[in-house]
Amino acid sequence: MRRQSDYSIVSKKPVKAGGEKGIAVTRSDAGETTAGPRAGERVSTELAAITQKARENPKYVFATLAHMLEEDFLEESFRMLKRDAASGIDGVTVKRYEAGLKENIRNLVKRMKAKQYKPQAVRRVFIPKADGSKRGLGIPAVEDKLVQMGIKRILEAIESAPADD
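Position 134, counted from 1, in the sequence shown is what this note's numbering calls 154; the numbers after and before it change by one each time, with no gaps.
Between beta-carbon pairs, the in silico distance windows are:
| hint | residue 1 | residue 2 | range |
| --- | --- | --- | --- |
| 1 | Gln-72 | Gln-136 | 28 to 36 Å |
| 2 | Arg-75 | Gly-120 | 34 to 42 Å |
| 3 | Arg-116 | Asn-77 | 42 to 50 Å |
Think of the hints as simulated: they come from the structure by calculation, not from any bench. The beta-carbon is built from N, C-alpha and C at its ideal position, and this holds for glycine as well.
From just these sequences and the hints, can you work out the full model?
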């Protein structure tokens with residue numbers, strides 16, 4: 021029995037309309053209307069469209085999903101981060117990042133589009149275990165947690181489509 025997660029998801033160049041399967045999910049494919057729905061509605065519609073495509077064809081190859089990592093989507097993703105989480109190597113807390121949220125996200129999206137975004141090093145801490153040994157823990161920077169949350173949401177939209185047996 022194959023499950024949805026058994027199929028590989030690889031990057032592939034989009035093909036022109038009428039071509040083979042494996043085309044990219046673009047905003048127009050994902051249900052964005054010219055009437056301009058509210059940001060949260062558009063994001064939900066795009067995630068729903070990805071889930072639907074995965075449901076209809078478990079072998080579907082998704083490409084160019086990075087276009088979803090835009091300001092509105094990342095702002096929604098930011099709201100899902102834990103507020104009391106430890107800061108990363110840069111010392112920036114969730115509250116401090118939130119103080120300039122719009123500008124921080126705008127700058128992040130700009131860097132990602134220019135392919136200049138680079139995740140920061142992970143802060144390493146060691147937590148004592150009951151037996152006296154220590155367990156290593158890596159704590160990413162808030163901005164990296166934000167990007168990870170966005171990607172997680174996209175992948176979960178694909179994974180949530182039940183595989184046909």
